[in-house]
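Same order as they appear, the protein sequences are chains A and B. The opening position of the first sequence corresponds to residue 0 in numbering that gives the first Met the number 0, with each subsequent residue numbered one higher. The opening position of the second sequence corresponds to residue 0 in numbering that gives the first Met the number 0, with each subsequent residue numbered one higher.
Simulated from the structure, these hints should not be mistaken for lab results. Please read all numbers here as calculations on a predicted model, not as lab measurements. Treat the hints with caution; some may be incorrect.
Restricting the straight-line Cα-Cα distance to at most 20 Å, the calculated cross-link-like pairs of lysine to aspartate or glutamate (EDC-like) are [stated by the list, open to error]:
(1) K96/B x D118/A
(2) K74/A x E213/B
(3) K63/B x E213/B
Stretch-level coverage of chain B by chain A, calculated; a stretch enters the list once three of its residues show a Cβ under 8 Å from a Cβ in chain A [as the list claims (entries may be wrong)]:
(4) 130-144
(5) 192-200
(6) 239-247
Even glycine gets a Cβ: it sits at the ideal position worked out from N, Cα and C.
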Amino acid sequence: MLSHKTIISTLLSILLFLPVFAQADNLMPTVPKAKAKANPETLCVRDVKVMRTNHMEFLMHQRDETMRKGIRTKKDSLAECITCHVSKDDEGKFASYGDDEHFCSSCHNYAAVKIDCFDCHNDKPTAASKTGSTVK
Amino acid sequence: MTQPVNTNETKTDLYRRQFLGKTAAAAGFALAPGMLLTEIAHAKPADEAVSTKNRWGLLINTNKCASGCTACVTACQVENGWGEINKSEELSRASQKAVWIRKVKLKDKQTGHVQSLPLLCQHCEKPPCVDVCPTGASFKREDGIVLVDKHICIGCRYCMMACPYKARSFIHETIKNQKVHAPRGKGTVESCTMCAHRVDNDGIPACVEACNAEGHQAMYFGDLKDSNSVISKELAKNGGQQLRADLDLNTGVRYQGIK
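Isolated chain A (complex conformation) (with noise of 0.2 Å):
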């Protein structure tokens, strides 16, 4: 038989724990949404099960073909992702790649993964991107 001292004290460990298992939700990163052109019906330039899975697939091999071919097109294209992407704050800044804000590392931040896209590339929007290709 449990004595009423064991049944207490696991009760009230229970309790003590309880509101750490009602927060993993919380846990999970938050992941921006996409602000410029997200609509219900594409969501993203693929589903966005394929998306979190391979997206530095896609970006790798675009990456190959812009430098090496002079491929430029939108589809798979970095600049794209962070136009879309990532959005102003209540202040009307950008996020910088590494706060949990930014969209990359929202997610990057969370699974511990190290990129260094960003040591080159921008990480903010800026008005060229948003209007495409510069001058002609």
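Let chain A serve as the given structure and place chain B on it in line with the hints.
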């Protein structure tokens, strides 16, 4: 000093163009007369790879290049986000900072004659920077534009040693606020891209645009393989000189008027 640019290829290309031209003209009359020629001359679809059909080049007339004018340099800085435009390189000495294009003054000590010219990557047909690169980061596109693939550049700077024109720079510091079409980062080498992002969209390099806007018209941009392009016609008529022609690099950037 005058050297023809790929005489054989130009010839083949001419035949091909004439053939294409005739076919296009036939189709053009059937569809929409007058609209077709410009379509043929320009417009690489965004999903089409650059090809050896083109070789992009620059022709610089030093007689028209005004000494003291730095419009081309400023335009390059604004377009590609280096120098005065991007202040990220704050700890580097002047000699360490990135320079994609510079104005050079030539003075003949005997006569005192002074000339001014812009010096940039010469986009060689046989680039020494590509020869020495241990990773394949330094490469030449099919259309003749010489670039650095910073994704695989390890920053060894062999290419900087190999370049006879001092055209390349190494980035020593963390760079912020890059232009979207001109990524730049610490630990990699960079140089003039002949504004590949503009060229791929049927544009002309920012330096040429700025020179024209200033009214100097000292720079031409065009296809060296297209015998009908302004640059080819001008080169065929008046010739153009390579810097360090003795190195036999067949540069894509040619100069007129250097005395």
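Each hint tested on the structure:
Pair hint K96/B plus D118/A holds up; C-alpha atoms about 17 Å apart against a cutoff of 20 Å. In summary, the hint linking K74/A to E213/B is not supported, as the alpha carbons are separated by about 37 Å, beyond the 20 Å threshold. As the CA atoms of K63/B and E213/B are separated by approximately 11 Å, the hinted pair is consistent with the 20 Å bound. Figure legend: the segment 130-144 of chain B, annotated as covered by chain A; annotation consistent (4 residues with Cβ-Cβ distances under 8 Å, at least 3 required).
Proximity of the segment 192-200 of chain B to chain A, defined as three or more residues with a beta carbon under 8 Å from a beta carbon of that chain, is established by the 6 residues found. Only residues whose beta carbon comes within less than 8 Å of a beta carbon in chain A count, and the segment 239-247 of chain B has 0; fewer than three means the coverage is violated.
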